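Student: Can you build the whole structure from these sequences, using the hints too?
Residue numbers (the numbering used here), protein chains in the order written: chain A, 18 to 120; chain B, 3 to 649.
These are computed hints drawn from the structure, not numbers from a lab.
Model, not experiment: these values are computed from the prediction.
Think of the CB as a built atom: it goes at the ideal place given N, C-alpha and C, for glycine as much as any other residue.
In silico lysine-lysine, DSSO-like type, Cα no more than 27 Å apart, as pairs:
#1 B:K32 x B:K173
#2 B:K619 x A:K119
#3 B:K547 x B:K477
#4 B:K471 x B:K543
#5 B:K182 x B:K582
#6 B:K403 x B:K477
#7 B:K619 x A:K117
#8 B:K619 x A:K44
#9 B:K556 x B:K471
Have a look at the derived ranges for each label pair, beta carbon to beta carbon:
#10 B:W645 x A:A87: 26 to 34 Å
#11 A:P73 x B:A642: 28 to 36 Å
#12 A:I51 x B:I649: 33 to 41 Å
#13 B:I592 x A:E114: 54 to 62 Å
#14 A:L83 x B:W609: 48 to 56 Å
#15 B:W645 x A:F70: 16 to 24 Å
#16 B:I631 x A:F70: 28 to 36 Å
#17 A:P73 x B:V630: 33 to 41 Å
#18 A:G108 x B:I649: 48 to 56 Å
#19 A:E114 x B:W594: 53 to 61 Å
With the C-beta cut set under 10 Å, the calculated list includes, among others, these residues of chain B facing chain A:
#20 K619
#21 Q622
#22 N623
#23 G624
#24 A625
#25 I626
#26 Q627
Okay, here's what each chain looks like letter by letter:
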Amino acid sequence: MDLSILWYLVPSVIMFVCGVYGFVTRKNLIAILISLELMLNSADLNFVVFNRFLFPGSMEGMVFTLFSIAIAAAETAIAIAIIINIYRAIGNTDVREINKLKH
Amino acid sequence: MDITLPILILAIPITMFLVLGIGGVKMSRKLAGVLGICGLGTTAVLAYIVAFTYYFSGDPLFILDGVRQQYQVFDVTWLAFTQRLVVNIGFLLDPISAMMLIVITTISFMVHLYSWGYMEHEPGFQRYYAFLSLFTFSMLGLVVATNIFQMYIFWELVGVSSYLLIGFFYKLPSAVSASKKAFIVTRFADLGFLIGILVLSYFTDTFNFITLTQNPESVLGSTGGATFMGASALTWAMVLIFTGGMGKSAMLPLHIWLPDAMEGPTPVSALIHAATMVVAGVYLVARMFPVYCVVPSSLTFVTVVGAITAFYAAAVACAQIDIKRILAFSTISQIAFMMVSLGVAYDQPIEGVHYSGLGYMASMFHLFTHAMFKALLFLGAGALIHAVHSNNYTAMGGLYKYMPITHWTFLIGCLAIAGIPPFSGFFSKDEMLAAMYANNWVWGAWMSMVAGLTAFYMFRMYFLVFWWKENPHYKEHRPHDAPWQMSLPLIILAAVSCVAGFIPFGEFITWNGEPYHIHLEAPVAITSVIIALIGIFIAFKLYFKENSVPTRLKNMMPALWEAAHRRFYWDEIYQFITHKIIFGIICRSIAWFDRHVIDATMDGMAWIAQRASASIKGMQNGAIQAYVIWYFMGAIVLAAITWLCLI
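Tutor: Spelled out as structure tokens, the structure:
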């Protein structure tokens with residue numbers, strides 16, 4: 018069966034919208050982080066799919082995706098560390114409590 | 003000629019200025035004073051060597067077939083702006099610059115020595131000596147300038163030194179405002195000077211004095227008949243250059259700074275405001291004299307300005323109380339004398355006698371003798387002020403037996419300025435008057451009257467200070483002669499004033515370098531002596547012993563006395579013009595424009611930026627998720643716009 022590009026892009030868009038929705042609505046920082054990862058993964062998926070369908074001979078999209086996954090891992094480690102420190106400082110991870118950084 | 007000595011003449015004073023100016027605070031007073039005096043003494047010796055070599059060596063560089071030459075010891079390019087505009091720095095030796103070397107270093111040395119006694123207890127003694135050195139350097143640089151631009155540079159430098167020294171007592175508000183006034187007035191005049199230089203050099207393509215003066219007719223030809231407001235470009239240039247001289251030499255109407263400059267220490271007044279700097283204007287006209295001769299109308303301007311100033315200053319001097327101001331007005335009057343003498347000097351044979359340049363020689367002669375006796379009078383006045391702690395003759399009187407040295411030297415100075423033979427002033431003034439009568443009897447008669455007034459006001463001061471009646475304060479505080487550092491310069495200058503008249507000046511300085519044999523014009527000499535004696539006699543009658551006649555005379559014509567005492571309201575006129583008209587009308591409207599248009603535009607822009615930021619700063623509320631929503635909406639909008647554009 019021949020899968021068209023849409024079979025890949027529609028789930029990617031759904032993943033991205035879920036990520037945005039989760040990012041905006043969740044109160045827990047961990048949940049926000051997960052939503053962030055969702056958005057990132059949907060972007061990675063796009064890279065791979067476009068590479069496969071538009072430039073079948075080349076590998077840049079694949080390599081870039083691997084690169085992006087590695088960065089995401091590092092970023093997640095930093096984010097978790099920040100969240101743990103915030104938890105130690107204020108006793109919870111509610112994003113509504115973290116609003117000191119304003120004008 | 004070897005260039006070592008000329009360079010040293012300029013280098014020693016400027017080095018002294020740097021040493022005393024930078025290291026002075028770390029030095030004791032004695033060390034600073036000795037350094038200053040020794041430095042200037044060395045400079046004086048070198049200047050004498052150079053000047054005497056110039057006059058007497060007979061070197062063909064200096065004198066060729068009996069005609070004295072102008073010789074540039076060195077002349078190097080200093081600033082080359084463009085191919086045409088090149089400024090040189092050099093050292094020019096010619097009759098007048100060699101004479102000025104002698105005058106400046108002599109008076110400056112006397113003043114250095116005198117100041118050691120006079121300024122002994124003043125704070126800032128080291129600074130004072132540093133400024134004196136700076137002034138000496140600038141003045142020497144001015145007189146040896148090889149080109150008019152170098153002269154202008156040093157011209158400004160003497161202005162700065164004068165400013166610094168007038169304001170030496172910088173804690174006195176009067177001294178501060180006097181120094182400011184001197185600087186602004188002379189600077190204003192120098193603007194004319196600069197424009198004159200630019201006009202002249204634009205047409206002649208040179209700044210160099212020798213090129214300008216050797217062949218002045220070509221200068222006239224090069225202007226190509228350019229005229230402005232009915233006068234030729236060259237006339238304008240020469241009159242504008244003379245404006246600079248009017249400022250420095252305190253000619254009407256730019257004289258107002260000189261009387262106020264008396265706020266400075268008295269030795270400074272002797273050096274700068276009597277003997278050297280104020281004659282820079284005369285020197286300038288003398289330096290450019292061949293060019294002035296090409297445009298006689300500019301020389302007529304010089305004559306008229308000088309004649310009016312001479313009379314004005316002499317009249318004002320008769321009604322002053324402060325002895326330094328009397329001397330200041332006397333200086334103005336005497337410098338005006340020199341100006342008139344230069345103005346009438348241009349080449350014109352009268353009844354077969356060739357009077358060419360007699361006035362020029364006489365003017366330089368008077369510059370020389372006047373420098374000596376006026377410095378003497380100022381230093382004498384300093385000794386008086388030192389003794390009684392007041393500038394006014396009302397605090398003096400009957401001092402002849404308390405201060406014999408000061409009395410005799412002062413008397414010699416007064417006799418010299420009044421023009422009584424055999425003192426120096428007689429000879430130089432006689433030559434000047436002869437030149438004026440030779441030109442036009444009107445100038446001669448007018449200036450003879452001024453000479454009579456000179457004798458009167460000088461002896462009025464002399465009698466009021468040394469005779470009249472003894473001031474009762476002497477019982478508490480007995481005045482006495484000054485210490486040797488102050489008396490010695492007085493005696494030396496008095497000796498010079500006695501003999502300087504016998505110098506055969508015409509052999510050394512004439513306008514074209516050819517010797518001129520001075521011979522006394524008997525009619526002129528006799529009349530001028532008689533007029534001077536009449537002036538002295540009236541002063542003697544009025545002021546020798548205490549009497550009520552002067553007061554009654556004063557009360558007979560109070561308006562005249564008041565006007566003369568207030569210097570015929572020149573300061574008030576300036577005050578009115580500057581404050582009421584310039585500040586009050588012109589400046590106020592400019593200030594209004596600045597405040598309500600320029601500033602308001604800037605304020606408005608700042609206000610808009612501030613209001614805009616205030617209205618949107620609420621968006622930064624610290625809720626991260628709100629930012630994301632904004633960001634997301636923005637991204638969608640951008641994407642939509644891009645999409646619409648692509649369709």
